[in-house]
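Assemble the complex: chain A is given as a structure, and chain B must be docked to it using the hints.
There are 2 protein chains.
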Amino acid sequence: MIDCGEGTQRQMLASKVKLSRLNNIFISHLHGDHCFGLIGLISTLGMFNRTADLYIHSHPSLQSILTPLISTFCDDLSYKVCFEPFDPSKSEVIYEDRSLTVTTIPLKHKMPTAGFLFSEKERARNIKREMIDFYQIPLQTIPLIKQGADFVTEDGSIVANDRLTVAPAPPKKYAYCSDTMYWERILPFIDSVDCLYHESTFLHDDLAKAKATMHSTALQAAKIAAMANVKQLLLGHFSARYDDFQAFLMEARSVFPNTFVATDGDTIEF
Amino acid sequence: MIDCGEGTQRQMLASKVKLSRLNNIFISHLHGDHCFGLIGLISTLGMFNRTADLYIHSHPSLQSILTPLISTFCDDLSYKVCFEPFDPSKSEVIYEDRSLTVTTIPLKHKMPTAGFLFSEKERARNIKREMIDFYQIPLQTIPLIKQGADFVTEDGSIVANDRLTVAPAPPKKYAYCSDTMYWERILPFIDSVDCLYHESTFLHDDLAKAKATMHSTALQAAKIAAMANVKQLLLGHFSARYDDFQAFLMEARSVFPNTFVATDGDTIEF
Chain A
-18 MIDCGEGTQR
-8 QMLASKVKLS
2 RLNNIFISHL
12 HGDHCFGLIG
22 LISTLGMFNR
32 TADLYIHSHP
42 SLQSILTPLI
52 STFCDDLSYK
62 VCFEPFDPSK
72 SEVIYEDRSL
82 TVTTIPLKHK
92 MPTAGFLFSE
102 KERARNIKRE
112 MIDFYQIPLQ
122 TIPLIKQGAD
132 FVTEDGSIVA
142 NDRLTVAPAP
152 PKKYAYCSDT
162 MYWERILPFI
172 DSVDCLYHES
182 TFLHDDLAKA
192 KATMHSTALQ
202 AAKIAAMANV
212 KQLLLGHFSA
222 RYDDFQAFLM
232 EARSVFPNTF
242 VATDGDTIEF
Chain B
-18 MIDCGEGTQR
-8 QMLASKVKLS
2 RLNNIFISHL
12 HGDHCFGLIG
22 LISTLGMFNR
32 TADLYIHSHP
42 SLQSILTPLI
52 STFCDDLSYK
62 VCFEPFDPSK
72 SEVIYEDRSL
82 TVTTIPLKHK
92 MPTAGFLFSE
102 KERARNIKRE
112 MIDFYQIPLQ
122 TIPLIKQGAD
132 FVTEDGSIVA
142 NDRLTVAPAP
152 PKKYAYCSDT
162 MYWERILPFI
172 DSVDCLYHES
182 TFLHDDLAKA
192 KATMHSTALQ
202 AAKIAAMANV
212 KQLLLGHFSA
222 RYDDFQAFLM
232 EARSVFPNTF
242 VATDGDTIEF
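For the protein sequence lines, the chains are A and B, in the order given.
Anchor point for the first sequence: position 118 equals 99 in our numbering, and the numbering is continuous, going up by one each time.
Anchor point for the second sequence: position 25 equals 6 in our numbering, and the numbering is continuous, going up by one each time.
Hints listed in this document are in silico derivations from the structure and should not be mistaken for laboratory results.
Worth double-checking, as some hints may not be accurate.
The list cannot tell twin chains apart, which means a pair is met if one copy fits it or any two copies do.
Cross-link-like lysine-lysine pairs, in silico, BS3-like; alpha carbons within 30 Å at most [said to hold, decoys possible]:
{"#": "1", "residue 1": "Lys(-3)", "residue 2": "Lys190"}
{"#": "2", "residue 1": "Lys89", "residue 2": "Lys204"}
{"#": "3", "residue 1": "Lys190", "residue 2": "Lys61"}
{"#": "4", "residue 1": "Lys192", "residue 2": "Lys(-3)"}
{"#": "5", "residue 1": "Lys61", "residue 2": "Lys192"}
{"#": "6", "residue 1": "Lys(-1)", "residue 2": "Lys190"}
If we strip away everything but chain A, and leave its shape as in the complex, we get:
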């Protein structure tokens, strides 16, 4: 989960995501709309008698804010909340498992803020079922072939790997950049990602307000997307002053056509 504003637990219960699949929460910065939902979510997970550790990755200050709330409101919490502090001013790998790494992206906002780059790891090649049968490939050899090795038959002839396997789906990259002003220094981190979520709090008519509050306009988000050569741009974090998000879409598409608007409950595939 990235960020956790007030009401996140309600949105999560309304969605089809299982609460038990949640193990890591990445908090971009300590403004209320990005973290006020944590205490309620932590409390509710306790009522469901969760036992697995929950990891919260954030600016170091969050621990001193949340710890007294957890002590006050969550008697005998059935699981452990583990704080994993990071320094938002530099880029570093803050999470890694067998399929994924998460790297911070320093952003420029009113307080220390980091975006997050989710990078899938290269997957093993898919071995063709009929080739296993045809060449009678032994079970213990299969992992090597999935890693790219050729196969040597009993009579010594070499079968090239690309005859035996199919390339896996290319690893995908998703970058989340919110909240931030227009900030070209993020370009190297988000280069060619499959999907970029970039905040666009304002329309470009309100550029002065965007600058004053250190937010971005839809046009600026689209410029960043174009310069970084990303495949798809998702806009979000719209100011409550706007009722209609169509104008954001039109503004951004004038610069970067493959733009979409993220709204509550959306599932985006890429």
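Just chain B, lined up with the frame of chain A:
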């Protein structure tokens, strides 16, 4: 406002209640589902540049919980949050204005908890327009007549007050009792109220669970309503284990027929 769970600001914005009309919040007890929405609401009121003081009436501990959150998340708050602590173990008038008093009702729950009795004050009598004209009643005499005085004409004859005025609507009383186990000691406080909100977290089949968690069943709430001779009972605070509230209604109506279920966004007139 009574209690302020997570997401209250969102519900309030979705309703037709103006945020600027909110001046007093009464917190029954310090469980998360009754107060996690405060910091978000306080923060949002600041973004709307509120200037009027906001009074929060609660157990004394709330101030030490909320103050650090306000300092951390609400830079330069445009208005003052005033904490008005009360002792939930005794009944006292904690709020009064020209039309209303609010009195605490000690409840029995897992932590110090108070319900609230909202009592309208007796209103002035309504003077009949045509009588003002007929007897040429001077402007400065009208307030006295509204308070019940007779009118003495210039020739010294007395016109009885009930010829000049109509009785006002009788003052209404609303009692809010949540969270609490079945607790007959609340009866004197809620006697004959126009509307009683009483929690009913469980159905009576789950009486053991209700006792263990110091909550009430629908049947128990109805018994309290009947014994206190209230005019209307509102049930709420249903456990998330139940999907359907019809069973609560049927159970309570078997003892107290004028029972209703409170659901999100309802407006109840009485």
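Hints, one by one, checked against the model:
no.: 1; hint: Lys(-3) - Lys190; result: between (37 Å within a copy, 29 Å between copies)
no.: 2; hint: Lys89 - Lys204; result: within (16 Å within a copy, 60 Å between copies)
no.: 3; hint: Lys190 - Lys61; result: between (41 Å within a copy, 26 Å between copies)
no.: 4; hint: Lys192 - Lys(-3); result: neither (38 Å within a copy, 33 Å between copies)
no.: 5; hint: Lys61 - Lys192; result: between (40 Å within a copy, 28 Å between copies)
no.: 6; hint: Lys(-1) - Lys190; result: between (39 Å within a copy, 26 Å between copies)
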